[in-house]
Amino acid sequence: MRTCLIVDDSRVVRTVARRILEELQFASREAGDGQAALAACQEEIPDFVLLDWNMPVMNGLDFLRALRQLPSVRQPIVIFCTTENDINHIQQAIEAGADEYIMKPFASDVLQAKLVQVGLL
Amino acid sequence: MQAADFQFLSALIKERSGIALSSDKTYLLENRLGPLAAQRRLNDIAGLVARMKSVRDEQLIRDVVEAMTTNESLFFRDGKPFELLRTAILPRIVAARPKERPLRIWSAACSSGQEAYSIAITLLEEEALLAGRPVEIVATDIATSMLIKAKAGVYSQFEVQRGLPIRLLLKYFTQKGTNWEIAPRLRSMVSFRQHNMLGECAGLGRFDIVFCRNVLIYFDEPTKKGVIERIAQVLAPDGVLLLGAVETIIGLSTRLEIVPGAAGIYRPVGSGPRAAVA
Ligand SMILES: C[S@@+](CC[C@H](N)C(=O)[O-])C[C@H]1O[C@@H](n2cnc3c(N)ncnc32)[C@H](O)[C@@H]1O
Numbered sequence: 001m002r003t004c005l006i007v008d009d010s011r012v013v014r015t016v017a018r019r020i021l022e023e024l025q026f027a028s029r030e031a032g033d034g035q036a037a038l039a040a041c042q043e044e045i046p047d048f049v050l051l052d053w054n055m056p057v058m059n060g061l062d063f064l065r066a067l068r069q070l071p072s073v074r075q076p077i078v079i080f081c082t083t084e085n086d087i088n089h090i091q092q093a094i095e096a097g098a099d100e101y102i103m104k105p106f107a108s109d110v111l112q113a114k115l116v117q118v119g120l121l
Numbered sequence: 001m002q003a004a005d006f007q008f009l010s011a012l013i014k015e016r017s018g019i020a021l022s023s024d025k026t027y028l029l030e031n032r033l034g035p036l037a038a039q040r041r042l043n044d045i046a047g048l049v050a051r052m053k054s055v056r057d058e059q060l061i062r063d064v065v066e067a068m069t070t071n072e073s074l075f076f077r078d079g080k081p082f083e084l085l086r087t088a089i090l091p092r093i094v095a096a097r098p099k100e101r102p103l104r105i106w107s108a109a110c111s112s113g114q115e116a117y118s119i120a121i122t123l124l125e126e127e128a129l130l131a132g133r134p135v136e137i138v139a140t141d142i143a144t145s146m147l148i149k150a151k152a153g154v155y156s157q158f159e160v161q162r163g164l165p166i167r168l169l170l171k172y173f174t175q176k177g178t179n180w181e182i183a184p185r186l187r188s189m190v191s192f193r194q195h196n197m198l199g200e201c202a203g204l205g206r207f208d209i210v211f212c213r214n215v216l217i218y219f220d221e222p223t224k225k226g227v228i229e230r231i232a233q234v235l236a237p238d239g240v241l242l243l244g245a246v247e248t249i250i251g252l253s254t255r256l257e258i259v260p261g262a263a264g265i266y267r268p269v270g271s272g273p274r275a276a277v278a
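The listed protein sequences derive, respectively, from chains A and B.
Under the UniProt record's numbering, the first residue of the first sequence is numbered 1, with each subsequent residue one higher.
Under the UniProt record's numbering, the first residue of the second sequence is numbered 1, with each subsequent residue one higher.
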């Protein structure tokens, strides 16, 4: 079973995403901010990270930069999923090493299409 | 809806567009034509039919037909055809042709243009392969409103997120409020025209590659046969036809055959390399 880490400070969003991902046969873990997410990745690297931008403690972009520095044999695929919908944010995310970007509000078929694109489905 | 009204409407729609509606599609007619009737200040579908029978209102007929088209589309739909275009079809056709000869591609029943632009993006991403060769993408549909949208090349956030990799969105679109507009360079590669698949298509010229995806599903067998026959007539001898993931022309054409190992891709009979083995 593929593994994913859902990183979002909204429990509602995490629950919705989790439901969709579990239906797609992903084993999910959750984190409420970037720092918790980094700790979770240090414990075990997931196959992919679904990542919000605005979060307390450590935001998604800082998390992604730190993640890409981790001395790890394998890096997860990272898909941003955020209401930051302007081209500058998207550009920054891609430069920091994001593989895909979903602009909220997100629909489950968009998530599914992105997972197909990055080769996870 | 009265059975007679259903019969009148479905016969008209079939004659004008080929779209075949069986009687279990009554709900579809009601859902799509109810709003049109209201817009025309007619009480209901019976009123719409009465109006159509009493005066020759060509615009109304066209609106009815257009309302019955299903225009669902997305960028890089099903992925595979565009992958094959890039890795197999383009390299072969490019290698076989003199450099000056323009490459002509037809997106038949293009709806709101995502298919044509996906083709254009694929070509631009393979610019080195094309080596300056002129390219023309002709995209056609029966629905006026779809052609207007396609020409504008402006898509909602939802539309660009279905099938379009983010890297390509950044590269080929600009943001306009909550919408995304396709780059002028891509737009200039595609010419959109109104064309009914029931009519002759010789006027569109000869094509190296034809995408005719997710439209045959709406037609009955004789209509499908006619459409395929007309496509075969404009397809270059070494050209290919790409159909939708659930479509097949097996048993419908003697002029086209499946390309071995490539599901959904067809070529003129006898154009392929003779089997190397056996
Ligand atoms: C489901 S869309 C397919 C769009 C695109 N080819 C794709 O695969 O995503 C079907 C399109 O066929 C068009 N159509 C239906 N009957 C037609 C006809 N007789 N001639 C031309 N277009 C037709 C409709 O207007 C609609 O836009």
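In short, the hints are calculated from the structure, not lab data.
A portion of the hints provided could be inaccurate.
To be verified - List time: in silico DSS-like cross-link candidates among lysine-lysine, alpha-carbon distance up to 25 Å: (1) B:LYS25 x B:LYS80; (2) B:LYS25 x B:LYS53; (3) B:LYS14 x B:LYS25; (4) A:LYS104 x B:LYS225; (5) B:LYS149 x A:LYS104; (6) B:LYS80 x B:LYS176; (7) B:LYS25 x A:LYS104.
Since the structure is predicted, the reported quantities are computational estimates derived from the model, not experimental observations.
Hint-by-hint comparison with the structure:
no.: 1; hint: B:LYS25 x B:LYS80; verdict: violated (31 Å)
no.: 2; hint: B:LYS25 x B:LYS53; verdict: holds (22 Å)
no.: 3; hint: B:LYS14 x B:LYS25; verdict: holds (13 Å)
no.: 4; hint: A:LYS104 x B:LYS225; verdict: violated (44 Å)
no.: 5; hint: B:LYS149 x A:LYS104; verdict: holds (24 Å)
no.: 6; hint: B:LYS80 x B:LYS176; verdict: violated (30 Å)
no.: 7; hint: B:LYS25 x A:LYS104; verdict: violated (35 Å)
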